[in-house]
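> Listed below, chain by chain, are the residues.
There are 2 protein chains.
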Amino acid sequence: MKSLFILILSLLLLSIINCYIIDGPGPTTRPTVGQLWPKPQKEERKTGQYVAIDPKNFNFVISEHTCDILMEAKLRYEDIIKGMSYYPSAIPKTEPPCTEYEYDDGSNEIPKVKIRNFTLILSSECEKYPHLKMDESYTIDVLAHEIRAHSIWGMLRGLESFSQLIIPDTNEMLQIEINMVEDYPRFQHRGLLVDTSRHYISVDVLKTILDGMAYNKFNVFHWHIVDDQSFPYVSKKFPELSEKGAYFAEMIYTQKSVKEVIEYARFRGIRVLPEFDVPGHTRSWGASHPEILTECGSPYSGKLGPLNPIKEKTLTFLKSFFEEVSDVFPDHYLHIGGDEVGFECWNSNEDIKKYVEAKKMTYEQLEDEFNVKAAGIVSDNVKIPIVWQEVLNENLHLKLPEDSIIQVWKPMWQVEMSRVTTGNWNTLLSSCWYLDKLKTGGDWKNFYDCEPTAFPGAEKQKQMVLGGEACMWAEVVNNANIVSRIFPRASATAEKLWSDVKVNNKTEAAPRLEEHTCRLINRGISAQPPNGAGFC
Amino acid sequence: MKSLFILILSLLLLSIINCYIIDGPGPTTRPTVGQLWPKPQKEERKTGQYVAIDPKNFNFVISEHTCDILMEAKLRYEDIIKGMSYYPSAIPKTEPPCTEYEYDDGSNEIPKVKIRNFTLILSSECEKYPHLKMDESYTIDVLAHEIRAHSIWGMLRGLESFSQLIIPDTNEMLQIEINMVEDYPRFQHRGLLVDTSRHYISVDVLKTILDGMAYNKFNVFHWHIVDDQSFPYVSKKFPELSEKGAYFAEMIYTQKSVKEVIEYARFRGIRVLPEFDVPGHTRSWGASHPEILTECGSPYSGKLGPLNPIKEKTLTFLKSFFEEVSDVFPDHYLHIGGDEVGFECWNSNEDIKKYVEAKKMTYEQLEDEFNVKAAGIVSDNVKIPIVWQEVLNENLHLKLPEDSIIQVWKPMWQVEMSRVTTGNWNTLLSSCWYLDKLKTGGDWKNFYDCEPTAFPGAEKQKQMVLGGEACMWAEVVNNANIVSRIFPRASATAEKLWSDVKVNNKTEAAPRLEEHTCRLINRGISAQPPNGAGFC
Chain S
1 MKSLFILILS
11 LLLLSIINCY
21 IIDGPGPTTR
31 PTVGQLWPKP
41 QKEERKTGQY
51 VAIDPKNFNF
61 VISEHTCDIL
71 MEAKLRYEDI
81 IKGMSYYPSA
91 IPKTEPPCTE
101 YEYDDGSNEI
111 PKVKIRNFTL
121 ILSSECEKYP
131 HLKMDESYTI
141 DVLAHEIRAH
151 SIWGMLRGLE
161 SFSQLIIPDT
171 NEMLQIEINM
181 VEDYPRFQHR
191 GLLVDTSRHY
201 ISVDVLKTIL
211 DGMAYNKFNV
221 FHWHIVDDQS
231 FPYVSKKFPE
241 LSEKGAYFAE
251 MIYTQKSVKE
261 VIEYARFRGI
271 RVLPEFDVPG
281 HTRSWGASHP
291 EILTECGSPY
301 SGKLGPLNPI
311 KEKTLTFLKS
321 FFEEVSDVFP
331 DHYLHIGGDE
341 VGFECWNSNE
351 DIKKYVEAKK
361 MTYEQLEDEF
371 NVKAAGIVSD
381 NVKIPIVWQE
391 VLNENLHLKL
401 PEDSIIQVWK
411 PMWQVEMSRV
421 TTGNWNTLLS
431 SCWYLDKLKT
441 GGDWKNFYDC
451 EPTAFPGAEK
461 QKQMVLGGEA
471 CMWAEVVNNA
481 NIVSRIFPRA
491 SATAEKLWSD
501 VKVNNKTEAA
511 PRLEEHTCRL
521 INRGISAQPP
531 NGAGFC
Chain V
1 MKSLFILILS
11 LLLLSIINCY
21 IIDGPGPTTR
31 PTVGQLWPKP
41 QKEERKTGQY
51 VAIDPKNFNF
61 VISEHTCDIL
71 MEAKLRYEDI
81 IKGMSYYPSA
91 IPKTEPPCTE
101 YEYDDGSNEI
111 PKVKIRNFTL
121 ILSSECEKYP
131 HLKMDESYTI
141 DVLAHEIRAH
151 SIWGMLRGLE
161 SFSQLIIPDT
171 NEMLQIEINM
181 VEDYPRFQHR
191 GLLVDTSRHY
201 ISVDVLKTIL
211 DGMAYNKFNV
221 FHWHIVDDQS
231 FPYVSKKFPE
241 LSEKGAYFAE
251 MIYTQKSVKE
261 VIEYARFRGI
271 RVLPEFDVPG
281 HTRSWGASHP
291 EILTECGSPY
301 SGKLGPLNPI
311 KEKTLTFLKS
321 FFEEVSDVFP
331 DHYLHIGGDE
341 VGFECWNSNE
351 DIKKYVEAKK
361 MTYEQLEDEF
371 NVKAAGIVSD
381 NVKIPIVWQE
391 VLNENLHLKL
401 PEDSIIQVWK
411 PMWQVEMSRV
421 TTGNWNTLLS
431 SCWYLDKLKT
441 GGDWKNFYDC
451 EPTAFPGAEK
461 QKQMVLGGEA
471 CMWAEVVNNA
481 NIVSRIFPRA
491 SATAEKLWSD
501 VKVNNKTEAA
511 PRLEEHTCRL
521 INRGISAQPP
531 NGAGFC
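If you're matching them up, the sequences are chains S and V in order. 424 is the number that the working numbering gives to position 424 of the first sequence; each next residue is one higher, with no gaps. 154 is the number that the working numbering gives to position 154 of the second sequence; each next residue is one higher, with no gaps.
Hints are computed from structural coordinates only; laboratory data are not their basis. Do not rely on the hints blindly, as some may be mistaken.
[To be verified] From the derived model, a few chain S residues whose C-beta atoms are all more than 10 Å from chain V:
{"hint": "1", "residue": "Arg116"}
{"hint": "2", "residue": "Ile121"}
{"hint": "3", "residue": "Ile178"}
{"hint": "4", "residue": "Asp228"}
{"hint": "5", "residue": "Ser348"}
{"hint": "6", "residue": "Lys353"}
{"hint": "7", "residue": "Val476"}
{"hint": "8", "residue": "Val483"}
[Stated by the list, open to error] Derived pair list, reagent style PhoX-like, types lysine-lysine, alpha-carbon separation capped at 25 Å:
{"hint": "9", "chain 1": "S", "residue 1": "Lys437", "chain 2": "V", "residue 2": "Lys353"}
{"hint": "10", "chain 1": "V", "residue 1": "Lys445", "chain 2": "V", "residue 2": "Lys462"}
{"hint": "11", "chain 1": "V", "residue 1": "Lys462", "chain 2": "S", "residue 2": "Lys437"}
{"hint": "12", "chain 1": "S", "residue 1": "Lys311", "chain 2": "S", "residue 2": "Lys439"}
{"hint": "13", "chain 1": "S", "residue 1": "Lys319", "chain 2": "S", "residue 2": "Lys259"}
{"hint": "14", "chain 1": "V", "residue 1": "Lys460", "chain 2": "S", "residue 2": "Lys437"}
{"hint": "15", "chain 1": "S", "residue 1": "Lys439", "chain 2": "S", "residue 2": "Lys462"}
{"hint": "16", "chain 1": "V", "residue 1": "Lys353", "chain 2": "V", "residue 2": "Lys439"}
{"hint": "17", "chain 1": "V", "residue 1": "Lys353", "chain 2": "S", "residue 2": "Lys506"}
{"hint": "18", "chain 1": "V", "residue 1": "Lys460", "chain 2": "V", "residue 2": "Lys133"}
{"hint": "19", "chain 1": "V", "residue 1": "Lys439", "chain 2": "S", "residue 2": "Lys506"}
{"hint": "20", "chain 1": "V", "residue 1": "Lys410", "chain 2": "S", "residue 2": "Lys439"}
{"hint": "21", "chain 1": "S", "residue 1": "Lys56", "chain 2": "S", "residue 2": "Lys42"}
{"hint": "22", "chain 1": "V", "residue 1": "Lys506", "chain 2": "S", "residue 2": "Lys437"}
{"hint": "23", "chain 1": "V", "residue 1": "Lys353", "chain 2": "V", "residue 2": "Lys236"}
{"hint": "24", "chain 1": "V", "residue 1": "Lys353", "chain 2": "V", "residue 2": "Lys373"}
{"hint": "25", "chain 1": "V", "residue 1": "Lys46", "chain 2": "S", "residue 2": "Lys410"}
{"hint": "26", "chain 1": "V", "residue 1": "Lys353", "chain 2": "S", "residue 2": "Lys445"}
{"hint": "27", "chain 1": "V", "residue 1": "Lys133", "chain 2": "S", "residue 2": "Lys439"}
{"hint": "28", "chain 1": "S", "residue 1": "Lys82", "chain 2": "S", "residue 2": "Lys207"}
{"hint": "29", "chain 1": "V", "residue 1": "Lys74", "chain 2": "S", "residue 2": "Lys445"}
{"hint": "30", "chain 1": "S", "residue 1": "Lys56", "chain 2": "S", "residue 2": "Lys39"}
{"hint": "31", "chain 1": "S", "residue 1": "Lys128", "chain 2": "S", "residue 2": "Lys114"}
{"hint": "32", "chain 1": "S", "residue 1": "Lys128", "chain 2": "S", "residue 2": "Lys259"}
{"hint": "33", "chain 1": "S", "residue 1": "Lys439", "chain 2": "V", "residue 2": "Lys237"}
{"hint": "34", "chain 1": "V", "residue 1": "Lys237", "chain 2": "V", "residue 2": "Lys373"}
{"hint": "35", "chain 1": "V", "residue 1": "Lys313", "chain 2": "S", "residue 2": "Lys439"}
{"hint": "36", "chain 1": "V", "residue 1": "Lys445", "chain 2": "V", "residue 2": "Lys410"}
{"hint": "37", "chain 1": "S", "residue 1": "Lys259", "chain 2": "S", "residue 2": "Lys313"}
{"hint": "38", "chain 1": "V", "residue 1": "Lys410", "chain 2": "V", "residue 2": "Lys359"}
{"hint": "39", "chain 1": "S", "residue 1": "Lys506", "chain 2": "S", "residue 2": "Lys462"}
{"hint": "40", "chain 1": "S", "residue 1": "Lys439", "chain 2": "V", "residue 2": "Lys445"}
In this text, all values refer to a predicted model and were calculated from it rather than measured experimentally. Every residue, glycine too, gets a C-beta built ideally from N, C-alpha and C.
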């Protein structure tokens with residue numbers, strides 16, 4: 001696999017431009033060579049001028065601050081770079097069909113500097129966990145042989161970019177174009193939601209997804225860990241939840257594996273944002289705790305509905321359970337869902353009917369009442385709630401904690417984003433990045449066309465947009481196809497959330513995404529083809 | 001993985017029916033237990049009466065005839081059955097959420113017979129290669145402990161069915177329901193097309209696909225081996241074709257690997273039908289042999305078009321090349337394409353223009369003339385041509401060899417099937433089984449709704465339908481996602497082509513396909529979910 005990537009890059013160096021793509025043989029979209037994904041804020045390339053790297057004798061040198069995250073990242077990226085070393089056997093035996101090449105074989109005028117070390121200058125102490133307001137900026141100066149960052153998170157992003165700039169040279173050597181990169185993300189929250197309830201996704205596959213996220217500079221793993229179908233999270237306080245609610249005894253996330261995922265993500269600068277969706281989407285909770293769900297009455301007798309919002313037991317349970325997960329997941333935020341609550345069951349339950357009648361409230365108000373209580377529990381545990389857009393359906397000024405975040409996921413998102421930000425809420429967009437929606441051909445382009453601030457509203461409203469998330473709902477994916485379904489389609493989202501608003505040209509992006517796909521495959525991420533016929 | 005499957009089956013035995021599926025937790029579609037895919041022509045099950053199998057002491061005994069194919073199949077299926085053995089660690093610790101079970105723990109009245117041997121009674125000598133008219137019928141008699149078949153190909157299908165009937169029991173044992181199966185395919189030609197030109201698919205992945213095909217009783221691997229984009233087939237006579245036309249030096253099928261694929265398929269009763277598409281889709285041939293392609297004139301000057309049909313060189317080259325591939329691929333048929341020939345380039349070439357003017361012919365007629373010649377070359381090499389539907393566009397009674405087969409792939413296929421069979425041509429259908437077309441959700445149901453004889457025409461016309469093929473064009477797939485894109489969607493096609501015309505109930509099929517997907521995954525085929533949320 002690795003040799004393949006090198007081979008491709010080699011060929012691209014050997015072949016070049018001005019050949020018939022349309023109607024000719026070869027791939028639909030020729031990959032770029034050594035270009036970054038997502039596109040950085042600023043680059044100054046000395047086009048065609050390269051510095052040599054000998055992968056066998058290459059090391060990162062850590063300067064100023066360091067920590068476990070940086071030491072592991074140093075080794076990880078040294079491995080990636082060594083893995084790119086040049087395999088003579090992989091040289092194409094002949095030139096590609098369409099070629100008019102001139103190859104820089106060292107005989108040109110620019111003498112190649114050989115880099116042995118690249119210095120990682122981290123100017124402040126490491127933070128332990130990534131967080132919403134982390135600093136992810138960095139600079140790369142190829143001629144000075146250094147990556148600079150104020151924070152460990154910026155340094156991780158810089159290392160990723162550095163590794164993407166490197167391309168093969170001859171004689172088992174690598175090279176990197178002389179370049180100055182100044183980079184930082186446009187949005188703070190760049191997430192990928194993974195649903196592990198509709199299908200159980202193994203911890204190994206979750207780690208592969210986290211690797212893929214790091215290669216795309218995603219920084220939030222939104223773990224939609226439980227839902228109606230199954231409850232794989234093994235609770236310390238309520239082990240019966242997964243014992244009875246998981247699909248199978250083996251299809252669970254133990255405390256140990258949850259820690260493993262959080263740690264794996266932390267080392268890549270990725271937050272793990274858990275979601276325990278209430279009061280709907282809780283049917284699997286009822287396998288062990290039917291007493292907290294609503295017992296439906298006629299015509300749904302015998303069935304269980306959403307959490308029963310008027311029972312003391314429900315709130316007591318949630319308090320205790322949210323206290324646990326607030327402790328298990330270190331992120332400052334806790335996603336408590338709030339989407340798709342149907343009122344049929346509540347409306348068929350005599351106690352609930354009496355309750356709303358006595359209080360002269362609608363079911364929407366009952367839901368609001370519950371959501372405010374649930375969000376209050378989150379606050380009590382010193383976390384900030386994130387909820388789906390429905391929570392504000394009735395009342396834009398619902399009494400949620402001040403910094404709560406609203407995640408917009410429904411179609412016609414422009415209207416909703418406009419509305420939510422009018423209410424001064426922090427907002428995330430997901431509507432245009434649903435990975436479970438399929439389309440024949442290159443649907444990354446639809447993802448790429450989505451600009452999260454393109455809704456009617458004042459500048460102040462636009463500033464309420466913290467970012468967004470691509471969503472991998474798991475009705476249609478299992479361990480076999482989840483990675484190829486996510487990548488490289490989610491890469492389009494990653495670039496929209498990282499790069500400047502002006503980076504919106506699909507024609508420019510397509511060959512870069514083609515290269516990025518080759519890169520992902522080379523690094524063990526089973527990415528699917530983005531652009532049609534091709535060699536990756 | 002294996003233990004997972006057992007676990008699932010065990011749970012299904014332990015849990016049972018009468019529990020809330022809708023609105024309840026658990027999968028969207030509960031898999032069946034020990035049901036066959038594709039559905040056999042006839043089964044007589046003694047429902048609930050099982051015979052025990054001890055996988056550790058189980059063997060097939062070969063009776064009457066044998067050969068290399070049977071000996072290897074015996075080992076292969078013994079391995080599959082041993083791989084199903086019962087792992088105590090995999091027993092769900094608790095009952096599933098919805099359960100009212102009664103488990104047959106051996107204490108019921110029906111004493112379990114323990115099978116140690118199952119006899120494979122093959123009543124005629126093995127043929128070396130599978131072929132269009134091979135006999136694939138077989139019977140399984142569980143109580144007599146035997147599978148009977150007249151031909152090795154039927155025996156392979158019987159072994160596959162037998163392995164699908166086996167389910168786990170307790171105490172590391174397996175069991176099989178008492179059953180008499182009488183089975184044979186409805187159609188002779190049940191194919192899967194795999195395009196290895198738009199993306200190069202590794203030989204290992206092709207073998208995985210062949211395994212998956214065998215588990216679905218497909219019998220033709222239509223190898224769309226070269227196309228415009230790349231030429232990975234390594235010719236003995238013209239090695240320059242792949243040297244210059246393959247994407248990369250390593251992205252090739254050597255003579256050795258072609259033999260390997262053919263042999264792997266033969267051992268599974270699968271024909272390898274190669275396609276070398278002419279006169280269009282040949283742009284990659286021009287990387288080494290531009291002289292046989294059409295040099296376009298203005299406004300396409302400098303470009304190369306389809307094969308040049310009026311050059312002696314073209315025909316000489318084809319004669320020589322088709323002679324080689326007729327020798328390399330043992331199947332009686334050779335697919336020579338004939339689809340999507342644009343006339344722009346021919347019409348811009350002065351020599352061709354003069355030719356058609358002198359002969360007072362249209363470009364359609366020029367194409368016909370070429371196709372007849374190409375088909376003649378196929379005949380000269382004692383092969384029968386298969387072509388895409390366009391070849392008959394102009395003239396339904398084109399002078400192709402008598403037994404030629406027409407493959408219908410365009411939309412509105414009912415009209416075309418009707419037309420082609422009126423002309424008394426053998427016909428294959430593919431239009432409704434294009435695997436590259438994507439749709440959110442369970443699109444196997446669309447595949448399943450397609451009945452190949454549902455076109456206007458007499459019974460005699462319907463009899464011209466030899467079967468069909470699911471088509472995996474590779475613009476959108478690479479090694480990473482091709483297997484999950486094919487399976488289990490192509491399984492729907494497999495059942496339509498094997499089972500009785502009356503087998504057309506999607507509600508009945510859905511849980512069976514869910515089980516089949518679990519089975520495929522258990523056997524190492526990365527199948528994607530067919531029906532929504534689930535545990536496979």
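> Does each hint fit the structure? Answer for all of them.
Hints, verified against the model:
no.	hint	verdict
1	Arg116	holds, 31 Å
2	Ile121	holds, 37 Å
3	Ile178	holds, 29 Å
4	Asp228	violated, 6 Å
5	Ser348	holds, 12 Å
6	Lys353	holds, 20 Å
7	Val476	violated, 6 Å
8	Val483	violated, 8 Å
9	S:Lys437 to V:Lys353	violated, 48 Å
10	V:Lys445 to V:Lys462	holds, 23 Å
11	V:Lys462 to S:Lys437	violated, 38 Å
12	S:Lys311 to S:Lys439	violated, 44 Å
13	S:Lys319 to S:Lys259	holds, 22 Å
14	V:Lys460 to S:Lys437	violated, 43 Å
15	S:Lys439 to S:Lys462	violated, 30 Å
16	V:Lys353 to V:Lys439	violated, 44 Å
17	V:Lys353 to S:Lys506	violated, 40 Å
18	V:Lys460 to V:Lys133	holds, 18 Å
19	V:Lys439 to S:Lys506	holds, 23 Å
20	V:Lys410 to S:Lys439	holds, 20 Å
21	S:Lys56 to S:Lys42	violated, 30 Å
22	V:Lys506 to S:Lys437	holds, 23 Å
23	V:Lys353 to V:Lys236	violated, 35 Å
24	V:Lys353 to V:Lys373	holds, 19 Å
25	V:Lys46 to S:Lys410	violated, 51 Å
26	V:Lys353 to S:Lys445	violated, 41 Å
27	V:Lys133 to S:Lys439	violated, 39 Å
28	S:Lys82 to S:Lys207	holds, 22 Å
29	V:Lys74 to S:Lys445	violated, 50 Å
30	S:Lys56 to S:Lys39	violated, 29 Å
31	S:Lys128 to S:Lys114	violated, 35 Å
32	S:Lys128 to S:Lys259	holds, 14 Å
33	S:Lys439 to V:Lys237	violated, 42 Å
34	V:Lys237 to V:Lys373	holds, 21 Å
35	V:Lys313 to S:Lys439	violated, 43 Å
36	V:Lys445 to V:Lys410	holds, 19 Å
37	S:Lys259 to S:Lys313	violated, 29 Å
38	V:Lys410 to V:Lys359	violated, 31 Å
39	S:Lys506 to S:Lys462	holds, 23 Å
40	S:Lys439 to V:Lys445	holds, 17 Å
Comparing the model with each earlier hint shows violations of hints 4, 7, 8, 9, 11, 12, 14, 15, 16, 17, 21, 23, 25, 26, 27, 29, 30, 31, 33, 35, 37 and 38; every other hint is respected.
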